[in-house]
Amino acid sequence: MSSAATSLDATGAPPSPRAWLRTPWGLAVVRIAILAAILAAWEAASGRIVSKYWASSPSAIAARLWSWIRDGSLWPHLSSTLIEMGAGYAIGCVAGVGVGLLLGFLPRAGRIAMPFLAGLYCLPKVALAPLFVILLGIDLASKIALVAISVFFIILYSTLDGIRDVDRDLVQAMRLMGATRREVSLRVLIPGCLRWVFTGMRIAIRYAFTAAVLGEVIAANRGVGYLVEAYAGQYNSTGVFAAVLVLVVCSLGLSEVLTRWEASAAEKRGGM
Amino acid sequence: MRMLDVRPRSIAPAAAAASNRVRLDAVSKSFTVRGTHTPALQETTLAIEDGAFVSLVGPSGCGKSTVLNLVAGLLTPSSGVLTYDGAPLSGLNRRVGYMTQKDTLLPWRTTEANIAAPLELACRAVPRREVAERVRAMIDAVGLRGFEKHFPAELSGGMRKRVALARTLIYEPETLLMDEPFGALDAQLKLLMHDQLQRLTQARRMTVLFVTHDLAEAIALSDRVLVMSARPGRIRRAQDIGLPRPRDVFRVRFSPEFGRLHEALWEELKDEVAKGTDV
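Residue numbers (the working numbering), protein chains in the order written: chain A, 8 to 279; chain B, 142 to 420.
These are computed hints drawn from the structure, not numbers from a lab.
All of these numbers come straight from a predicted model, not from anything done at the bench.
Mixed in with the good hints there might be a few duds.
Claimed, not checked - For the chain B half of the interface with chain A, some residues (derived, Cβ under 7 angstroms), not all of them:
# : residue
1 : F172
2 : L233
3 : R235
4 : K243
5 : W407
As the list claims (entries may be wrong) - Stretch-level coverage of chain A by chain B, calculated; a stretch enters the list once three of its residues show a Cβ under 8 angstroms from a Cβ in chain B:
# : stretch
6 : 127–134
7 : 190–203
Idealized CB from N, CA, C, for every residue including glycine.
Make a model of the complete structure from these sequences and hints.
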């Protein structure tokens, strides 16, 4: 593996037989080699340079994670994190699009509501987490609320921006053809803002994940974020690292899904 | 055809005035942008009879488009009175079809869906099967067969113009306002479009107010050509075009009468174009 690592250093050299490095397989080999090197260095340093108590070790973390998977104790935590994220995301999206369209179609109501919404929008939503715990308890509901409100504002603003971005000349052209306000809304404003809504929905997934985990770290009795917090409270670094590793895997999976979604959306949009 | 039913209004007492579809009485328009007052149209009086094809020609920025925007109700006169069908205009004029210079196709709709848009509105409520038929006929008429499923972004500028034209013509508005509709087309296609437009407007007895830079186009299509002066615009000359109808838009250009009209109007226009360019 050290020979693979040195061959990476040489990629700056003039074009040579190293072309294989640029193939997908070559890339995967290099990545795995780097990861292996880091893990090996960590394993070697742990207990010698840094105390195992603080740094744990890759082998101990892997063993812990495996035991969680084997005895099934990970699933309730993982599933509650995903449920909070999914339910909060769905609620936030529906409410965000709904309120966004309403305010977009009723400009006067929009003008009245905007300062209130702007104040809440800038507020770091984490500050609301303790409040939700008081109001909704320590179970899933308080986390769902935190996710929902984070998602809601992102979707609300992208919907509003989308409606504002619709070319007024298109609206005017439809009005001249005899379209009623309702028809203008249905045939011009809604289709015109859809792209913005989808963009908002893509961005919001990341925030939903963050909000769910943050909510669990602050106060919970279940969830992967709760695992991180609970093991940290016990100064159990192996447990903390194992729980963080679960989150890393989740976020890798999420970003893979998002990348594909974005690529296919860009393709469908074509030259638009 | 339905549009023709509006005609009985001409029995009204002020018969002369009522047979005018569009009438501008000393209408002027000026804009104030950041404290600067810009007159766009000097006091102008003109009347367009029901069923007439009238062209406005003149140098860039002479207020031709302003006249169309006023008739469409997108602008209100700074002074004077604009009447449509004998009544002063207030708000948007829903009885005109306006083909603006700017492209206002819906980017998320295909060619055929864009052309169908006006027929889908509740105020027309055309049955779906009839919509499909009329769209197909209109696509053939503007030479867009094979591009029914394309989105505007996938079409050339000239094709988009033709989609916009088809969308305006398909609902047969009683009055057509057209702002340089054929500017982006090549010469042959332009002639084909002239032929189409003449046939349709004659058959439906549409009133047309047509803005163009192309004097030959104006003469070939119009009953009357209005030459406008450089900014701030006013009507410098109104010339009736006596060429018999129906016209062969391909051959009419070679008739001696056409040459004479072109000569006379060009004399008027060329001074204004020279003035207009150093604005």
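**Item:** Check of the stretch 190–203 of chain A against chain B for coverage (Cβ-Cβ below 8 angstroms, three residues minimum)
**Value:** holds (count 6)
**Prompt:** Are W407(B) and chain A close enough, Cβ to Cβ, to be under 7 angstroms, as the hint says?
**Reply:** 34 angstroms, violated
**Prompt:** Holds or violated: is the Cβ of R235(B) closer than 7 angstroms to a Cβ in chain A?
**Reply:** 5 angstroms, holds
**Request:** Could you check if L233(B) really has its C-beta closer than 7 angstroms to a C-beta on chain A?
**Result:** The hint holds - L233(B) has a Cβ within 7 angstroms of chain A, the shortest such distance being about 6 angstroms.
**Prompt:** Does the CB of K243(B) sit less than 7 angstroms away from some CB of chain A?
**Reply:** 6 angstroms, holds
**Prompt:** With a cut-off of 7 angstroms, does the beta carbon of F172(B) approach a beta carbon of chain A closely enough for the hint to hold?
**Reply:** 17 angstroms, violated
**Message:** How does the stretch 127–134 of chain A fare against chain B when you require at least three residues with a CB closer than 8 angstroms, holds or violated?
**Reply:** Not satisfied, violated; 0 residues make the cut.
Going through the hint list in order, the structure does not satisfy hints 1, 5 and 6.
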